[in-house]
Amino acid sequence: MNALELHSIYKSFGPQRALENINLSVPTGSRTVIVGPSGSGKTTLLRMIAGFEFPDSGSLTLNGQTLVDATHCVPAHQRLIGYVPQDGALFPHMTVAANIGFGLTDKGPTRQTRIAELMDSVALDASMAQRWPHELSGGQQQRVALARALAQQPRLMLLDEPFSALDTGLRAAMRKMVARLLADAGVTTILVTHDQSEALSFADQLAVMRQGRLVQSGPPMDLYQYPHDTQTALFLGDAVVMPARIEAGWAHCDLGRIAVNSQGTHPTAQIMLRPEQLQISSTSTDSSGCQGVVTERDFGGNTCTLTVALHAAEFEPGRSLLVRSTGLQAPATGSAVHVTTLGHAHILPD
Amino acid sequence: MGRGGAWVTGLSVLVSLLALLPIAFVIGVSWQTGWATVEALVFRPRVAELLINTVLLVVITLPLCVVLGIALAWLTERSNLPGRRLWSLLAVAPLAVPAFVHSYAWVSLVPSIHGLPAGVLVSVIAYFPFLYLPVAATLRRLDPAIEDVAESLGLKPWAVFFRVVLPQLRLAICGGALLVGLHLLAEYGLYAMIRFDTFTTAIFDQFKSTFNGPAANMLAAVLALCCLAMLTAESAARGHARYARVGSGSARDQRIVQLSPRTTAFALLLQGLTCLLALGVPLITLGKWLIAGGVEVWQMSELLPALEQTLLLGVAGAVLTTCAAVPIAWLSIRAPGRLQRVLESCNYITSSLPGIVVALALVTVTIHYARPIYQTTLTVLLAYLLMFLPRALISLRAGIAQAPVELENMARSLGRSPGRALWLITMRLAAPGAAAGAALVFLAITNELTATLLLAPNGTRTLATGFWAMTSEIDYAAAAPYALIMILLSLPLTGLLYHQSKRTAGR
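Heads up: the sequence lines are chains A and B, in that order.
Note that the working numbering gives residue 189 to position 189 of the first sequence, counting from 1, and the numbers run on in steps of one.
Note that the working numbering gives residue 378 to position 378 of the second sequence, counting from 1, and the numbers run on in steps of one.
Do not rely on the hints blindly, as some may be mistaken.
Claimed, not checked - Calculated Cβ distances over 12 Å to all of chain B for the following chain A residues:
| hint | residue |
| --- | --- |
| 1 | R17 |
| 2 | L90 |
| 3 | E198 |
| 4 | P219 |
| 5 | A259 |
| 6 | F299 |
Stated by the list, open to error - Examples of chain B residues lying across from chain A (beta carbon under 8 Å, computed):
| hint | residue |
| --- | --- |
| 7 | E147 |
| 8 | L422 |
| 9 | I425 |
Just so you know, these hints were derived from the structure itself, not from any lab.
Positions of the beta carbon are idealized from the N, C-alpha and C atoms, including for glycine.
Between the sequences and the hints, there should be enough to build the whole structure, so can you do that?
Spelled out as structure tokens, the structure:
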């Protein structure tokens, strides 16, 4: 069953079109990530779900209750939707405990117990309760913000780039903790981010936004492997996009003959491969693949990114590719290599 | 913004239109008087003489204030001068002494003092803290890494100061100099007491002899033009360079320069001398008069009502002005735009006009168009509103900025209605800013003399006008208690100003 349904949402700020025909269903208990470059409208969409912005047209329902349609709209404070913004937005004039307790209706000892439980659930030490927001680190502030949003047992949780202010190591740990916590609580979650690796790792359902439009949505693996267009392909990770001739389940391209998931025929198609599908070896072991020479070597610790110039490039003479190799066995600059492909190539529809 | 936003915009427009009243008055009377009369009244030797006096006063006083302000600020912020925290407090303390009390102290110490030299001396002493405060705050906030880089590029310490530090102080110096300049143009009591003629004193005399005549009005128009010229000069001098710290991460602490024993001695002498002239002279003179006057000068039957009137006017004016500033402050944080900037600058321009111009405008307008409020407390409060609105505005704006709309949204998403969210979060967070703004307006009203003298209903006697009445009768001993009470009232608020300048610097 779907918890949240967005139906043909439009929104403009003056002449600027912010959202255009947004349709999205969020299944109950799932984690949906909306990803897109800055200015793509993802934060506007999130604020609209929270009730801080209103669409020009379209409708929005949560658990069957209409939140917004042409005739009426439910104000933010009656929606019971949790919201954690980028910087946490803790109330600076309240202690940690008062911040967390802000949305609680309980009074007296039950309130204290509940606050203690919430602090425990986000792994905050009980001794922090009387601290002030400015005395906390960035990660601690985010935990307080999360506990505060969880306190009112929201029907839906909205996270607006909640990890982007944290440093890299902490970010991954926080992401895991939040994912586990929300799964345990069974709260349907929408996270907005511009970080594709965060999006891919956090999501059950991924939705890609660009220029106010929702260009593609589905399971993260599907989007990564079968993007609808080049831009989405490149946004979700490095990709090799090249022209090819499709014939009976095979693509003929500068890399030789590669299997594709299509039986059709197409004289001028674009195919996409992820760099991890390309493999290099020093000697040719089979007839497939093609020959090249390493022109550049970018050592990055566990992986090494090589630039390989292909010898017989029929579509684009002198083409070179980026190929990943394990750092330890990367061939030196100038070495002759053989490039082969794993799995299928994806034919880009555009 | 919705309907609430329209209301706020409407109110801001109303307040700003009110602020345009003095400018409209200047243009209106010039128009009505007719070109021939204007020419006869403006192009005459007397006006030239006043203009020369005013220009000389500004041209000599400003550089002295700038140099003194920078020197003291550098010593207290960047050197290991012994007792620099105390010196820094003492450099701000002269603000608690009203300018005309400074002048009173000097006249009673050296009765022969008069003219331009006296004007410059007392002005520098009374107004240099206006430069010290912003320059010290900026020095504290500068990114030390920039100086490190300059030094690594081969600059000697003096060169680092002149080529890197000083240019970054530009905004602070411009702002402070403008404030001092506007005070020089607007001040009446200080110059009247040492018999130095400026536009303001001349207008006042003219007003007393011919009341609301074209002669006074035309002088006021010239004075208003001088103020506008100064505003323009300042905004041109400010330039367009970016002075905020570029880059992320937190700045390191400032480097402290070790002074040699000889420099230390010289610096202590400078600090001590400034302190002696700016605080010692007023306090010693006051003490002398209080001792000489004994118990008799404490005429409680006159002092207490004056205190009461001052407090009443101060509190009423502060509340009124702060409330009037709310819509504009709100717009400037929550819905900044071109309209809001125009509205805000209306208020700034008017408050830069001397009290005497504002007062003349209100006299003229109330006599002709609003007779019932002529010479009432309401008119006095209106003058305070026009003159001091920006003081409330700046603090209030900082207060509202403490409460980003995001926090209000947060409270709403946690189940509070919009009204409750506004009250629990925004109002609560903006309250200190509003209180600070109200306190600054209160301080200004307590020491206001010119507009109060012109506008107050008969029988009104504030501490300032009471003090003025006594000194006009050359009863310096009887004036001393008024001065003392004014200083005591101003002290905590001066402390607040000092504290605020530390806080804007992030300490």
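Results for each hint:
Every CB of chain B is more than 12 Å from the CB of R17 (chain A) (nearest about 20 Å), matching its label as outside the interface. Separation of L90 (chain A) from chain B is inadequate, the least Cβ-Cβ distance of about 8 Å not exceeding the 12 Å criterion. At roughly 21 Å, the least C-beta separation between E198 (chain A) and chain B is larger than 12 Å, which holds for a residue marked as non-interface. Every C-beta of chain B lies more than 12 Å from that of P219 (chain A), the closest at about 29 Å, which supports listing it as non-interface.
With a least beta-carbon separation of about 48 Å from chain B, A259 (chain A) lies farther than 12 Å from that chain, consistent with its non-interface assignment. With a least beta-carbon separation of about 28 Å from chain B, F299 (chain A) lies farther than 12 Å from that chain, consistent with its non-interface assignment. Annotation: E147 (chain B) was flagged as interfacial toward chain A, and the flag is violated, the nearest CB pair being 28 Å apart, outside 8 Å. With a cut of 8 Å, the hint placing L422 (chain B) at the interface with chain A is violated, because the nearest CB-to-CB distance is about 12 Å.
Because the smallest distance between the Cβ of I425 (chain B) and any Cβ of chain A comes to about 6 Å, under 8 Å, the interface hint for this residue holds.
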